[in-house]
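*Asks:* Numbering follows my numbering, in which position 187 of the sequence shown is assigned residue number 191; successive positions increment by one, without gaps.
Because the hints were derived from the structure by calculation, they are not lab data. Take the hints with a grain of salt, since some may be wrong.
Claimed, not checked - With a cut-off of at most 27 Å between alpha-carbon atoms, the simulated DSS-like pairs for lysine-lysine come out as follows:
1) Lys111 - Lys101
2) Lys101 - Lys157
3) Lys67 - Lys46
4) Lys21 - Lys111
5) Lys111 - Lys46
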Amino acid sequence: MSYSIIVPFYNEEETAKDVLEEIIATNPGAEIIAINDGSADKTWEIMQTFVPQIRALQLPVNKGQSAAMYAGLRNSTQPLVALMDGDGQNDPAEIPKLIAELEKSGKDFVCGYRANRQDTASRRYASKFANSIRRAFLHDGVRDTGCSLKAMKRECIDALVPFNGMHRYIPALLLQAEHDFSEIPVNHRHRLAGESKYTNWDRALRGIHDLIGVSWLIKRKVPFAIEEAGKD
(Lines of atoms letter the chains of each structure in order from A and count residues from 1; the text may use other names and numbers.)
(Lines give C-alpha, C1' and ligand atoms only; values in the text may rest on other atoms or scores of the structure.)
Protein backbone atom coordinates (compact mmCIF):
# COMPACT_ATOMS: atom_id res chain seq x y z
CA MET A 1 0.00 0.00 0.00
CA SER A 2 1.16 3.54 -0.73
CA TYR A 3 2.44 5.61 2.17
CA SER A 4 3.92 8.99 3.02
CA ILE A 5 7.08 9.57 5.06
CA ILE A 6 7.34 12.72 7.17
CA VAL A 7 10.84 13.86 8.16
CA PRO A 8 11.56 17.22 9.84
CA PHE A 9 14.95 18.95 9.72
CA TYR A 10 16.33 21.76 11.85
CA ASN A 11 19.91 22.91 11.22
CA GLU A 12 20.88 19.51 9.84
CA GLU A 13 23.05 20.56 6.88
CA GLU A 14 25.58 17.87 7.87
CA THR A 15 23.01 15.06 7.77
CA ALA A 16 20.19 16.12 5.43
CA LYS A 17 21.75 14.84 2.18
CA ASP A 18 22.63 11.40 3.54
CA VAL A 19 19.29 10.99 5.31
CA LEU A 20 17.25 11.90 2.24
CA GLU A 21 19.32 9.68 -0.04
CA GLU A 22 18.81 6.78 2.34
CA ILE A 23 15.04 7.32 2.61
CA ILE A 24 14.71 7.39 -1.18
CA ALA A 25 16.82 4.23 -1.57
CA THR A 26 14.99 2.21 1.10
CA ASN A 27 11.44 3.38 0.38
CA PRO A 28 10.95 3.39 -3.39
CA GLY A 29 7.59 4.80 -4.41
CA ALA A 30 6.85 6.46 -1.08
CA GLU A 31 5.73 10.06 -0.88
CA ILE A 32 8.60 11.71 1.01
CA ILE A 33 7.76 15.01 2.71
CA ALA A 34 10.75 16.83 4.19
CA ILE A 35 10.06 19.88 6.33
CA ASN A 36 12.65 22.54 7.05
CA ASP A 37 11.86 23.93 10.50
CA GLY A 38 13.26 27.42 10.01
CA SER A 39 16.90 26.31 9.80
CA ALA A 40 19.58 28.98 9.88
CA ASP A 41 22.11 26.89 7.93
CA LYS A 42 22.01 25.33 4.42
CA THR A 43 19.46 22.62 5.22
CA TRP A 44 16.78 24.20 3.02
CA GLU A 45 19.13 24.54 0.05
CA ILE A 46 20.12 20.87 0.37
CA MET A 47 16.49 19.75 0.60
CA GLN A 48 15.58 21.60 -2.59
CA THR A 49 18.17 19.66 -4.61
CA PHE A 50 16.07 16.51 -4.08
CA VAL A 51 12.90 17.92 -5.65
CA PRO A 52 10.93 16.27 -7.33
CA GLN A 53 12.04 13.02 -5.66
CA ILE A 54 10.73 14.53 -2.45
CA ARG A 55 8.28 17.24 -1.50
CA ALA A 56 10.17 20.02 0.30
CA LEU A 57 8.20 22.22 2.70
CA GLN A 58 9.48 25.05 4.86
CA LEU A 59 8.40 26.81 8.04
CA PRO A 60 9.79 30.36 7.71
CA VAL A 61 10.85 30.45 11.38
CA ASN A 62 11.73 27.67 13.82
CA LYS A 63 8.54 26.32 15.40
CA GLY A 64 9.81 23.03 16.82
CA GLN A 65 9.76 19.37 15.85
CA SER A 66 6.07 18.93 16.61
CA ALA A 67 5.04 21.81 14.37
CA ALA A 68 7.17 20.48 11.51
CA MET A 69 5.78 16.96 11.90
CA TYR A 70 2.20 18.21 12.06
CA ALA A 71 2.70 20.33 8.95
CA GLY A 72 4.02 17.27 7.14
CA LEU A 73 1.14 15.11 8.31
CA ARG A 74 -1.43 17.67 7.19
CA ASN A 75 0.21 17.90 3.75
CA SER A 76 0.49 14.15 3.21
CA THR A 77 -1.73 12.50 0.60
CA GLN A 78 -1.36 8.74 1.10
CA PRO A 79 -3.60 6.39 3.15
CA LEU A 80 -0.73 5.45 5.51
CA VAL A 81 1.82 7.82 7.05
CA ALA A 82 5.19 7.17 8.69
CA LEU A 83 7.24 9.48 10.90
CA MET A 84 10.99 9.69 11.50
CA ASP A 85 13.69 12.12 12.68
CA GLY A 86 16.12 13.90 10.37
CA ASP A 87 19.32 13.44 12.40
CA GLY A 88 20.21 10.01 10.99
CA GLN A 89 19.59 8.02 14.17
CA ASN A 90 16.35 6.58 12.80
CA ASP A 91 16.87 3.90 10.14
CA PRO A 92 14.48 4.48 7.20
CA ALA A 93 14.88 0.81 6.23
CA GLU A 94 12.62 0.08 9.22
CA ILE A 95 9.70 2.02 7.75
CA PRO A 96 8.54 -0.79 5.41
CA LYS A 97 8.50 -3.05 8.49
CA LEU A 98 6.25 -0.58 10.32
CA ILE A 99 3.94 -0.41 7.31
CA ALA A 100 3.85 -4.21 7.05
CA GLU A 101 3.00 -4.48 10.76
CA LEU A 102 0.27 -1.88 10.35
CA GLU A 103 -1.34 -3.91 7.56
CA LYS A 104 -0.81 -7.33 9.17
CA SER A 105 -2.01 -6.39 12.65
CA GLY A 106 -5.07 -4.45 11.56
CA LYS A 107 -4.21 -1.81 14.16
CA ASP A 108 -4.59 1.93 13.61
CA PHE A 109 -0.99 2.85 14.42
CA VAL A 110 2.35 1.19 15.11
CA CYS A 111 5.12 2.46 17.41
CA GLY A 112 8.74 1.49 17.02
CA TYR A 113 10.87 1.01 20.12
CA ARG A 114 14.65 1.24 20.17
CA ALA A 115 15.73 -2.30 21.04
CA ASN A 116 19.45 -1.43 21.09
CA ARG A 117 19.57 2.29 21.71
CA GLN A 118 22.75 4.05 20.55
CA ASP A 119 22.84 7.00 22.94
CA THR A 120 24.89 8.01 25.96
CA ALA A 121 24.15 6.25 29.25
CA SER A 122 22.81 9.47 30.77
CA ARG A 123 20.37 9.94 27.91
CA ARG A 124 19.19 6.32 28.07
CA TYR A 125 18.59 6.56 31.84
CA ALA A 126 16.80 9.90 31.47
CA SER A 127 14.58 8.46 28.74
CA LYS A 128 13.79 5.34 30.77
CA PHE A 129 12.79 7.49 33.76
CA ALA A 130 10.68 9.81 31.59
CA ASN A 131 8.90 6.88 29.97
CA SER A 132 8.03 5.36 33.35
CA ILE A 133 6.64 8.67 34.65
CA ARG A 134 4.63 9.21 31.47
CA ARG A 135 3.12 5.72 31.59
CA ALA A 136 2.18 6.21 35.26
CA PHE A 137 0.31 9.44 34.44
CA LEU A 138 -1.20 8.61 31.07
CA HIS A 139 -1.48 4.80 31.16
CA ASP A 140 -0.67 4.63 27.46
CA GLY A 141 1.38 1.43 27.78
CA VAL A 142 3.93 2.54 25.18
CA ARG A 143 7.51 1.38 25.80
CA ASP A 144 9.40 4.16 24.04
CA THR A 145 7.39 7.20 23.03
CA GLY A 146 10.65 9.08 22.34
CA CYS A 147 11.27 6.86 19.31
CA SER A 148 10.06 8.89 16.34
CA LEU A 149 9.65 5.87 14.06
CA LYS A 150 5.88 5.44 13.92
CA ALA A 151 3.26 4.65 11.30
CA MET A 152 -0.46 5.32 11.30
CA LYS A 153 -3.57 5.26 9.20
CA ARG A 154 -4.45 8.60 7.71
CA GLU A 155 -7.61 8.99 9.81
CA CYS A 156 -5.46 9.11 12.95
CA ILE A 157 -4.16 12.54 11.98
CA ASP A 158 -7.48 14.17 12.91
CA ALA A 159 -7.06 12.96 16.51
CA LEU A 160 -3.80 14.88 16.98
CA VAL A 161 -3.73 18.28 18.64
CA PRO A 162 -0.86 20.53 17.51
CA PHE A 163 1.22 21.91 20.38
CA ASN A 164 4.93 22.21 21.13
CA GLY A 165 5.83 18.73 22.36
CA MET A 166 3.01 16.87 20.60
CA HIS A 167 5.42 14.38 18.97
CA ARG A 168 6.18 12.80 22.37
CA TYR A 169 2.47 12.22 23.08
CA ILE A 170 1.17 10.93 19.76
CA PRO A 171 0.31 7.48 21.18
CA ALA A 172 -1.55 8.95 24.17
CA LEU A 173 -3.58 11.28 21.94
CA LEU A 174 -4.47 8.47 19.53
CA LEU A 175 -5.43 6.11 22.34
CA GLN A 176 -7.69 8.78 23.82
CA ALA A 177 -9.43 8.88 20.44
CA GLU A 178 -9.93 5.09 20.68
CA HIS A 179 -7.32 4.12 18.08
CA ASP A 180 -5.45 0.90 18.89
CA PHE A 181 -1.77 0.14 18.37
CA SER A 182 1.02 -2.41 18.28
CA GLU A 183 4.78 -2.09 18.83
CA ILE A 184 7.81 -3.54 17.07
CA PRO A 185 11.56 -3.22 17.75
CA VAL A 186 13.46 -0.95 15.36
CA ASN A 187 17.10 -0.28 14.62
CA HIS A 188 18.70 2.75 16.26
CA ARG A 189 22.01 4.34 15.30
CA HIS A 190 24.55 6.90 16.42
CA ARG A 191 23.99 10.42 15.15
CA LEU A 192 25.54 10.88 11.68
CA ALA A 193 26.85 14.37 12.49
CA GLY A 194 25.91 17.59 14.24
CA GLU A 195 24.55 17.93 17.76
CA SER A 196 21.29 17.11 19.50
CA LYS A 197 18.90 20.04 19.84
CA TYR A 198 17.97 18.98 23.39
CA THR A 199 19.74 18.44 26.70
CA ASN A 200 18.54 16.06 29.42
CA TRP A 201 17.66 19.04 31.63
CA ASP A 202 15.75 20.75 28.83
CA ARG A 203 13.84 17.53 28.11
CA ALA A 204 12.99 17.12 31.80
CA LEU A 205 11.61 20.65 32.18
CA ARG A 206 9.58 20.40 28.99
CA GLY A 207 8.40 16.92 29.93
CA ILE A 208 6.97 18.02 33.29
CA HIS A 209 5.18 20.97 31.74
CA ASP A 210 3.81 18.94 28.84
CA LEU A 211 2.76 16.01 31.01
CA ILE A 212 0.50 18.24 33.10
CA GLY A 213 -1.05 19.77 30.00
CA VAL A 214 -1.54 16.47 28.16
CA SER A 215 -3.04 14.83 31.25
CA TRP A 216 -5.61 17.63 31.40
CA LEU A 217 -6.24 17.48 27.65
CA ILE A 218 -6.82 13.73 27.59
CA LYS A 219 -9.32 13.98 30.43
CA ARG A 220 -11.18 16.91 28.88
CA LYS A 221 -10.88 16.33 25.11
CA VAL A 222 -14.16 15.09 23.66
CA PRO A 223 -13.84 12.08 21.34
CA PHE A 224 -16.86 11.82 19.09
CA ALA A 225 -18.29 10.05 16.09
CA ILE A 226 -21.53 10.93 14.39
CA GLU A 227 -24.00 8.91 12.35
CA GLU A 228 -26.37 10.27 9.75
CA ALA A 229 -29.76 8.74 9.08
CA GLY A 230 -29.82 6.81 5.84
CA LYS A 231 -26.04 6.44 5.69
CA ASP A 232 -24.34 3.07 6.14
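*Asks:* Would you mind confirming whether the straight-line C-alpha gap from lysine 101 to lysine 157 stays at or under 27 Å?
*Replies:* With a Cα-Cα distance of about 15 Å, the restraint between lysine 101 and lysine 157 holds, given a limit of 27 Å.
*Asks:* Next pair to validate is lysine 111 with lysine 46; report whether the Cα-Cα distance is within 27 Å.
*Replies:* This hinted pair is violated, its Cα atoms lying about 39 Å apart.
*Asks:* Is the hinted pair lysine 21 and lysine 111 satisfied, with a Cα-Cα distance of at most 27 Å?
*Replies:* The given pair, whose Cα atoms are some 33 Å apart, is violated under the 27 Å limit.
*Asks:* Given the hinted pair lysine 111 and lysine 101, is their Cα-Cα distance within 27 Å?
*Replies:* 14 Å, holds
*Asks:* Next pair to validate is lysine 67 with lysine 46; report whether the Cα-Cα distance is within 27 Å.
*Replies:* Judged against 27 Å, a Cα distance of about 17 Å means the pair holds.
Checked against the numbered hints above, the structure breaks hints 4 and 5 and satisfies the rest.
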